[in-house]
Amino acid sequence: MEHIVIIGNGISGVTAARHIRKRSNKRITIISAETDYFFSRTALMYIYMGHMKYEHTKPYEDSFWKKNRIDLKKGFVSEVKRKDKKIIFNDGEEMAFDKLIIAVGSKSNKFGWPGQDLEGVRGLYSFQDLEYLEQFAPNKIVCKKAVIVGGGLIGIELAEMLSTRKIPVTFLVRESSFWNGVLPKGESEMLNRHIKSHHIDLRLSTNLKEIVSDENGKANAVIIEETGEEIPCDFVGLTAGVTPNIDFLKSSGIELGRGVKVNPYLETNFDDIYAIGDCAEQYQPIGNRRAIEAVWYTGRMMGETVAQTICGTKTEYKPGHWFNSAKFFDIEYQTYGWVNSERNKKENEIHFHWKHKDDTKCITVATDKDSGAFLGINTFGIRMKHEIFDRWLTEEKSTDYVMQHLSKANFDPEFYATFENEILSAYTNQFQTISS
Amino acid sequence: MSTVQRDMSLTGQPPKSLNGLQKVATVLGLSGLMIILLAGFNVNFPNKGLWLTLSLLALTAGIILFAKAAYANTQEGIKNDGVWFKSISSRGFWAWIAGLSLTGFYIILYFFPQFLGLRSEGTNTGIIALFDPLSRLLSGNPASQWFVYGTLYTVAIFAFGIKFIWKYRHNRYEKLRTISVMFFQTAFAFLIPEFMARLNSESFNLPYYDLKNIWPLNYYNFEQYRVDSFISSGDVGLALLVFGVISIFVITPILTYKYGKRWYCSWVCGCGGLAETAGDSFRHLSDKSQFAWKVERWVIHSVLVFVIVMTTAVISTYLGYDAEKYWLTKDVFLIGVAVFLAVLFAVIWYFKKDELKQDARYGAVGYLVIVLSFIAIHYASGSKLFFFEAETLRKSYGFLIGAVFSGVIGTGFYPIFGSRVWCRFGCPMAAILGLQQRLFSKFRITTNGGQCISCGNCSTYCEMGIDVRAYAQKGENIVRASCVGCGICSAVCPRGVLKLENGPLEDRIQGNEILLGNDVDLMKYVNNN
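So the protein sequences, as listed, match chains A and B. Convert by adding 63 to the 1-based position in the first sequence; the result is the number in the working numbering. Convert by adding 540 to the 1-based position in the second sequence; the result is the number in the working numbering.
Don't read these hints as lab results, they were simulated from the structure. Note that the Cβ used here is the ideal one computed from N, Cα and C, for glycine as well. Keep in mind that a hint or two might mislead.
[What the hints assert, rightly or not] Derived coverage of chain B by chain A (criterion: at least 3 residues anywhere in the stretch with Cβ under 8 angstroms from a Cβ of chain A; other residues may be distant):
(1) 620–633
(2) 737–751
(3) 835–844
(4) 933–939
(5) 962–968
(6) 999–1011
[As the list claims (entries may be wrong)] Straight line, CA to CA, 25 angstroms or less: simulated DSS-like cross-link-like pairs of lysine-lysine:
(7) K324(A) to K144(A)
(8) K146(A) to K136(A)
(9) K834(B) to K121(A)
(10) K563(B) to K229(A)
(11) K121(A) to K1014(B)
(12) K203(A) to K229(A)
(13) K203(A) to K715(B)
(14) K1014(B) to K381(A)
(15) K424(A) to K619(B)
(16) K129(A) to K563(B)
(17) K409(A) to K377(A)
(18) K116(A) to K834(B)
(19) K85(A) to K897(B)
(20) K897(B) to K129(A)
(21) K390(A) to K116(A)
(22) K897(B) to K130(A)
The following block holds chain B by itself, in its conformation from the complex (with noise of 0.2 angstroms):
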């Protein structure tokens, strides 16, 4: 609409403007984060614990304030008046400076960490060191910079949780949901491996592990150090490496055959807690074209077949020059991996090729060919793993994915490309579990018949960009690789079209346009049923 106007004002109108109490909160949350801010300008506060205790109350209560600003004096119900007219969720002035601030953090967390007051000698500075009593209280260490991302990460997820359970108060499943990804940040990703850090001693000597974070999210697990640390803890060490690959290879399998990928993308996983919660007020600029889903195939797919790729030369290559520590041999695990990746392609292609669209055909079978051809290559030559070194592999795919897709542009941009960018385009373990939702799970989203008024909320609110418009209107479930479940299409439903449903296989993509047309012959419909 012309009349639409985006400026940077925070007055304006309703439903764009903020109210009085909703200023106070902004101002209260902004307090919290200028005391992190004086502390990374060598602001040295004299109690800091006093001083960081303060900041991350402000930073909480500001953010919650905020919320009761927003929500306590409506209604129960669908919570998105003026989305399209605020400039912070409609890509104005303040998305760019909150886009650009995040980035900004992201790039100084990852590449010059010395701006938060790292110091390769001595004690840690700035804010860093605000954070050092937290993490003594916690696990005993001095704080890192991932101590103070992972605290504020934390703390983001929990206020801005509440926020979320506010604005959703009448959808049961979104308040369980985000209770639990609470939980699992809070315990899980934060405080779980704190005090783990706790037991470690000279014999002993557990790497920093979120239980939840799963290979090839974590896409680290089975490097040489940390396998190293496992094996030397004893028994309980083996249990977590054991642990590891089992999440991987059956506790995510079955999860996913049951309730589909949405078990860990917005149940569990730190990063779909962070896009849900903070990111909830910006999952509706998403690209929803159908463009964007088939360079979302492509980019999603490579990464994954990238950190197969990368992990396997990381391994065998450790199990090559360290042969006598490990029961496992380099060719047992490099022709292991060969034969694992042909059966489950020649399982897929033979079970499932139906529902394979013709460039996922392709695909699949161009990167069977890719990463056999590699590993043959190899036993060829002799030489070089995969033409590299596995070190640059693993140091281009911690830059590139690890560090840039997933943290600088994945929730730097936030404000820009929505919340789910790198859960969408870039995650490994995404792409995953999506395959499995895709061809072997019972979860799907129903439709409800001829309900359906093609008004569009279900899809402009779609945080992974599915159309689900396209096929509500056309009366079909939704069975999509990319899904994460988070039901916030049929909670934004106005005609109650929409549900999330774990059910049998069969069936599970064919709606029943049926009932959206003239001149149904139902007893026969009634009578194939």
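Just chain A, same shape as in the assembly (with noise of 0.2 angstroms):
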């Protein structure tokens, strides 16, 4: 029986082994150095904020995978050898495989920062991440301050969760507001005023310079470069993004770039080495997408396509339309299609912004200033139907059309407050003043 060896146990290792599973007798075993079983990973800040336990963010119950006959091997793979068609662990064992899918995922980015390796700095990505803040920031005696470096979705979460113990969190983000390297502006500094709101100390336009030291090798505080100013802290969280974690991958003669390299059959240069999800960079970037993703999504996704290919269908990873979402505190955040930030917007790409007054609830609509063809929506505060953007995307209707027919999109609760005649009026308002 052929052997299908999964390094990872996320969220795209799980999911390509019980696609190979539903379509195959195959022998599967996922190995992973992190937790026994499969947990998901973007419920961690609610275990650290008291909403759930571990147990509650494991999707499936522990009999599943023996019932599934997945098996499952804790343990740290350090090497790969190909030509031999085996793993090897760090205590020395040994594992053959027939076929291999690397999901090994991310690990935080560290900038060469003087004082990154210190005691009390890390990331968060991993349920050792978890345990790690548990231990340096378990609540405001033993941590007074914290800082985190990095705005992006990850650092605002960790902002949110020291809060909750009431620990004072200083925010230094580079960027001039947050996230608007992805985010359109009025978005953007609509969050800003919303993490100030949560009073976090956001510090924009500021780079971290170095993290000091007391006497036993702990950060005591950081200095900041622009001003010099020493804050200190008993906590410094690293959230300027993750970089796929494949050091032990280096002797294997896969090709690496930076991340695992693959086609868009998830192949890497080896015809029986595959690499899904976050620590997997395609040669050619599809469509606007960057060539590495770090998505749940698409981890999913590409989980999905890999078991087929390896069922034996042939199939490319073609992900559909652009999806995502977010929570920045207490607003929510989706978004279909594309919506660039003002960074980087091409030239035919037009924006309408509209705004609710109580300044938690905001869209912005992408469209194509020649043809009118809608690009994609940000929507903040409003829950929307990912069906019919889908749709919508694929019939590539025009903004017009979208903006009049938005409430079929809508998805909050029932007897929520509607918001499309505004919005429509907002549009409709806009749209005469610029031709007029």
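Fit chain to chain and form the complex, with the hints in mind.
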């Protein structure tokens, strides 16, 4: 029986295993050094905040794996020997494979800051990172102040986490406005205000110079590049993005860039080794996507795709229209299609922006200036339907059409106030202003 | 996490600690409780009306003040910080204290009401006597232990309802639903029956009737003494009797068809009302395992069969020995029940067989055979009904289900098993509504394409123990008999994935798995729609 070995028990590896099991009788082994069972990485924050316990973050009961004949192995792979078709664990144990799927995910970025490896300095990605946080920032007595470096999705989650334990947070963001490399100005600025309203000391256009240590090698302050200001703190969160976790592959002969290089079939340079999820890097980025996509949803799609290929139906990774979601403290965010920030916007992309007067809801709709086609939408504080936008994008509807039918896409709970009329009249007014 | 400690301390660190105002509120609420407790130890308060008012006001104000301290200075949004750290909401020391106190209260209420001051001769004393002034004000009669219970129950739903509304103030569905249960409890369960009692005289004698309390939840609604009372009260009584019958056979199926069982379970029902308000802090404690789901299916449907058998036995008995009093004869009644059940079963089997799981089919066939053979054996032997005296059945049901299951376990163990144990495992009304919801209803929870991140908030906060995530991460709609439509899964979802909806029956159960995956031939998909 063909033995499929999957390194990594995150969403990508587990999805691959499930779909291989659906389609075949192959022997499947999933290896992880992180946890015994698959858990939802995106839910780590809720464990720290006390909304859930670790066991609630496991999407399948523990009996699921045995029932579906998926072997789970705890161990850290230190080497892949492709010629011998085996992997080697750090305790010397070996395991033979017929096909290998690399789904090892990411690690937190460190950009060579002095002091970045001190005690009390850590990213937030793995279960171990969360345990580390519990150790160094369990409460506001042990951790009188925390500094977060890097204004992205993980950074703002970490800020929310720490604030639930009343630990004062200073949030260093390199950009002039939160996440404005991704979000248009109006949205980004609304989030700046929302972050501050949660008593986070948000420092924009601010870089980290170095992390200062006490006599025991533990971080006790950071120094700001621009001003030289020293901010005393007991924990430093490094959340300036993630990078593929592939150091163990350096001697394997597998072609590596920043991630594991793969073709559209998610194959590496060896035909029996595949890479999926955060750690895969496309030779050619697909559409407007990045070559490395560290997103839950794309990991899931890649897992499903590679399973098809391994089970005999060679399938190209063709993710549909881009979508994503997040939550910034109390404000939910969804996006469908492409809405680029001012920094990345192409010339033909124009935006319509509407913001509710309560400053917690807004949308931005991107349009092709020349054709009037709908390119994408960002929505904050209003839930919208994935299925509808996916269809509209496929059918290449115009923005006029989308705005007139926006209520069809509403996914807010029953009895919620609706804003489509207000949005439509704002849109119509703006349009008239432009044309007159 | 090994580092999370569960101690009995009320202080600790945020988010599990109580703030200053919350401590004051706790003391205020407990002082209200203390007045009642002192009355229980036969402290004879001089001015009972005043002390009762003080007690109830302190209770209510304590709870509301606690809510204010918890939520007033926060922004709108989900308020579950520290739920699993707090002793009271994570089966810690205070949870057991609360659970044992509540359980103790129910045991005294049902089995030892003399400790509440109930006296078989002369006037009541103790706690019951403390409640006399209010009872006399409403109905003109002295209080009973049930009046004490009803009053405290209403206060709990009212005060904790305000807390709930404060907590979920960003969510209009939750606010409206809670105002609705507060209204139905105060008006229908508490005030109207008391006022109705005022109308009673020698010739006109309505039974205590909470109009929204429908058989079989109100398992005693068709017992002889009640039916006789209805009949003796002329047209009004007869109308109420008829209302009781059409409630279950006409109103219930129509509303459940249109809105799902939530119209009752989380908008109207008192048991649900208490679970949603006072029990909200314990909703996450329900067991989500597949095993628990299996136990749930067997237990709740067994209770349903039990209540049907018991009610049939009781009614047919009095129709039998008091035949001249009623136009309905025992034979017509028994054969009617048998035919009704057989036809109902046949219709479900014919139209919905494919939607029933294997064990549901076994169960349905098995139970039908049991009920029909009881009736057949009765005719063949001509002796005792269903092997038991109807009275024995009635008493055991009242004891096992009415008191122990719904009260002592269902509510007493809120802090240990979660808030909807009774609704999930025991309530025969929920069983009927659940069958209707699963088989013939427009209600479903839809999922939003591929947006689920499998975080588990929905499953964790489902009070009915439904593994919502199992459906959401597959992009499947949730159509479950047990879902009471509380809407909390949708509220706690951080990615906007879940929505409670009423829609067409077609494709109600199939979601669109297609959006989750890779390589979607969307034009084909769109054309298929």
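Practice task
Sort out which numbered hints this structure fails and list those numbers smallest first.
Solution key: Hints 2, 3, 4, 5, 13, 16, 17 are the ones this structure does not satisfy, whereas the remaining hints hold.
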